[in-house]
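Participant: What follows is the residue order along each chain.
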Amino acid sequence: MKLLVPVKRVLDYNVKPRVKADGSGVDLANVKMSMNPFDEIAVEEAIRLKEKGVATEVVVVSIGEPKAQDTLRTALAMGADRAILITSDVRPEPLGVAKLLAKVVEEEQPQLVILGKQAIDDDNNQTGQMLAALLGWGQGTFASKLEVAGDTANVTREVDGGLETVALPLPAIVTTDLRLNEPRYASLPNIMKAKSKPLAQKTPADYGVDLSPRISVLKVEEPAKRAAGVKVDSVDALVDKIKSLGVIA
Amino acid sequence: MSVLVLVEQLDGRVKDATLATLTAAAKLGDVVALVAGSGDAAVQAADAVSKVAGVSKVLLANDPAYANLLAENVAALVVPLMADHDAFLANATSIGKNVAPRVAALLDVMQVSDIVAVESADTFVRPIYAGNAVATVQSSDAKKVITVRATGFEKAATEGGSASVEPVTAPGDQGKSRFVGAETQESARPELTSAAVIVSGGRALGSEEQFHALIEPLADKLGAAIGASRAAVDAGFAPNDYQVGQTGKIVAPDVYVAVGISGAIQHLAGMKDSKTIIAINKDEDAPIFQVADVGLVGDLFQILPELTEKL
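Listed in order, the protein sequences are those of chains A and B.
Take the first sequence: its letter number 77 is residue 148 in the numbering used here, and every next letter is one higher.
Take the second sequence: its letter number 140 is residue 174 in the numbering used here, and every next letter is one higher.
This is chain B alone, in the form it adopts within the complex (with noise of 0.2 Å):
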């Protein structure tokens, strides 16, 4: 089975989230990665994947028309291409949620999202209703379209593989939307999704000055990425892409802390994967408790400066 990979880059280096996609479609068959682009950054980029292991070929389509991968521009370009694969991988990422679905209709195919392991080639599993449940799903259509849940699995290694890189042909602009601009957050800290540790604020927190004030210099001390639930995103606390849960971010750091955060359901489906969560909360009966690894009950004005101190 040819396994076509939508790779996803920032500044010419492959995400993370890619990484993980590549090795769910190495368990299908054969690892073809298509890097669409602009400019010298999809060189890059291209270049990076050729050397990730177990990828076969690099496809790179640069063209300006796929400098902010618009689902429209990038579906007319996969769907021809699909003519030579057997299956379409991309990220469970804003990127990859926009453009599959549209590749998937396109070809007549009813899409598999968010898998979190293979089965077999055609038997996936997939979190339903937040992670409340798992279900183990077969698709019967002859070509596979899927997005993969990074949490599922193993980033592939940045070494060892020697793919040549092919330029394909682009179809270009399709006029059907345009990219206006974008307000994206700088930051020295890991990036959310990959961070290794994460320290993560709720409502409790009480205002943005005092997220900033208590969540950032604990996340200093251990290098770790910042998250926040829903309700201090809502808040105004914390902007959009730090919130973690169901619809947010899907992380599973070696260590979560969850400060002042009580684990809705939907927050709960964003980290429960976590290999170690630590949880601070006033409320000895909060939801968080009951998946927490390591809690503190108490007030986390008090608790965080000293265990920012301490630490």
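This is chain A alone, in the form it adopts within the complex (with noise of 0.2 Å):
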């Protein structure tokens, strides 16, 4: 079975992101850039899947700036097979990824596309939901555990009352929520493997994909600011404050 793992190149999650003088976006200049911490979980939980002879491939996909490579080459030293690198100029939107993510999937045929519930730059949470409505496939998203027996996925998936488990035929999509695995470190004999794993390069048009945006950032701003708290030196002083906010009787 082959598994098919998207992965995004954006902000290192330790990083304060920081807003644009000109309110145009989130300053990504000169940052420390890192693979999104979902789709992390989401390839360490395709290697696992290899590791246990479910999995006979674990193929890795980025869309992109070029730098996306070094993104793909994380995921082959974690323990890929190999890679596909789709460079764009446009910043490309959940919607258009899923589109071309559905032409990557008729060419490859995996039986299951793992991907992080969404990328921690813009916090959409939808190309594994876009990709399983184009693809007509079962989607379980947000998963804390993943069986495949046979020809059926069963998630567990974080859900807001608990946890809820669905069965999906094969194939299907599974997007990763944070307790499904901890992803492992590259060993540095890996990562130079790494550098000779097959990779290759595409772009939008070889997929006759349109990437032209829906959406217009109009502005980006900083939050606004909590006015400055104070701190009370006693359990006494607290439990004033407290009942001065009417909160108890």
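Treat the hints as calculated values from the structure; they're not laboratory data.
Treat the hints with caution; some may be incorrect.
[What the hints assert, rightly or not] Simulated DEER-style distance windows between Cβ atoms:
no. : chain 1 : residue 1 : chain 2 : residue 2 : range
1   : B       : Asp319    : A       : Asp93     : 31 to 37 Å
2   : A       : Gly233    : B       : Ser174    : 45 to 51 Å
3   : B       : Glu188    : A       : Met104    : 37 to 43 Å
[Unchecked claim] With a Cα cut of at most 20 Å, we get these calculated EDC-like pairs of lysine to aspartate or glutamate:
no. : chain 1 : residue 1 : chain 2 : residue 2
4   : B       : Lys177    : A       : Asp311
5   : B       : Lys210    : A       : Asp222
6   : B       : Lys344    : A       : Asp307
7   : B       : Lys344    : A       : Asp311
8   : A       : Lys302    : B       : Glu193
9   : A       : Lys302    : B       : Glu318
All values reported here derive from a predicted model rather than from experimental measurement.
C-beta atoms are modelled at their ideal positions from N, C-alpha and C, and glycine is treated no differently.
Relying on the hints, combine the two individually framed chains into one complex.
Facilitator: Okay, here's the thing in structure tokens:
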């Protein structure tokens, strides 16, 4: 069974985003970029399925600027087998990404596509569901557990009320939540090995997909700041404060 | 503009998140509520939402296929209905986030996720980068598909409306997924996302036992819902549905009490719109104090029992 894992290059998890002075977006010049953390979980899950003998090949794909190649190399160093880089000048939206991925799926014929549930830059949480829709496949979103048994994927999902399990006939889409696994670090020998793993370069035109954006960003601002609070020095003072809020009788 | 809203209900009661989404929908146009469900609960929910102020019509799809609002089945129901509507709105909850993008892709629409304000019929405000930036975006799609963050909108009044309820044809089970089961926590406490007061615990609680022993009595005293940081959930101190943050629940209660939570940006993203934030932490430099209205530096194992007793 072949697995496809799309990955996105985003502002590193630990870097505090700075809004550009002209309000056009978040400043991404000269800041650390990394693989979207949810995508790392997706890569890890795919590699584990291969290690368990459920999957035979893990293909990773990224869509975006040429530097997304670094993100793909990271995935290869973790243990993915080969990579596809689709370079685009336009910053693609989830719908465009899903359309491109649907074409990649057509070509690669994976039985399972595992994606991060959202990218931590735009926080859209759309691509996996959109891809499932375009392919007419079932979707197991926000997965905290994935079991593949025969031609079915059993996905335990993190939902607002707790956990929920769905069974999906393969092929299917799974999107990852935080507690699905803890991604491994790539070892130095594996990082070296990853440099010689195959990486195919493509463009959206190769797939005949139009990435023209549907949404325009009019402005990006800093969120309203909270006014500075006070520190109290005793439990009694805190009790007085809480009572003054009128939340208890 | 005609706006179709996917209603979420529990045992026939319309969820608070849906009441907020109905308010957002009313800013766009004429509101039509869609209840997809199974059995009496669906009928009761349709009746309840027909009384909500501002709802002009209720569509009821009553079929076992909608018992658990599986995205595959709900999207197949919504897409043909959208021939008569200009926008589809769902809650930015685990259900809405699962269903709406599937609807959007089938309509060839780029969804606007997680809006907190409506500027005009095509322009919306939404947080990005875990709330570290706020974007104003304009959609050029003829039809809109939108998920709504409940904390951005007032809840619509549950009285005052008198909409008609019309049954709609249910395409039924699409056979693309099957509901196996759920593990949900039954709790007498208020729902986390709509509670007036929340007491949240972090990793500093040290263990599941101590989380229960210290957080619960305080929450009882305050009539509060219980939340947790991701670190506490990952450590197994609290179940996943307690998680407040960028990828957990977004809350904005009147009072949020953060106990032993350092305040990672991903946590702050989920609670910084709370009216009053109270923080208890032993590290006086913890980032939580930068957003807290009232802070107390000290050992939570001493402070919490004393606080609970004195309240």
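Participant: Would you mind marking each hint as holding or not holding in the structure?
Facilitator: So, going through the hints one by one against the coordinates:
1. B:Asp319 x A:Asp93: 31 to 37 Å: 33 Å Cβ-Cβ, so the 31 to 37 Å window holds.
2. A:Gly233 x B:Ser174: 45 to 51 Å: The hint (45 to 51 Å, Cβ to Cβ) is violated, given that Gly233 of chain A and Ser174 of chain B are roughly 39 Å apart.
3. B:Glu188 x A:Met104: 37 to 43 Å: Check passed, 39 Å falls within 37 to 43 Å.
4. B:Lys177 x A:Asp311: Roughly 52 Å between the alpha carbons, so the hint for Lys177 of chain B and Asp311 of chain A is violated.
5. B:Lys210 x A:Asp222: holds (13 Å)
6. B:Lys344 x A:Asp307: holds (8 Å)
7. B:Lys344 x A:Asp311: Holds, because 10 Å separates the two Cα atoms, which is no more than 20 Å.
8. A:Lys302 x B:Glu193: violated (42 Å)
9. A:Lys302 x B:Glu318: holds (10 Å)
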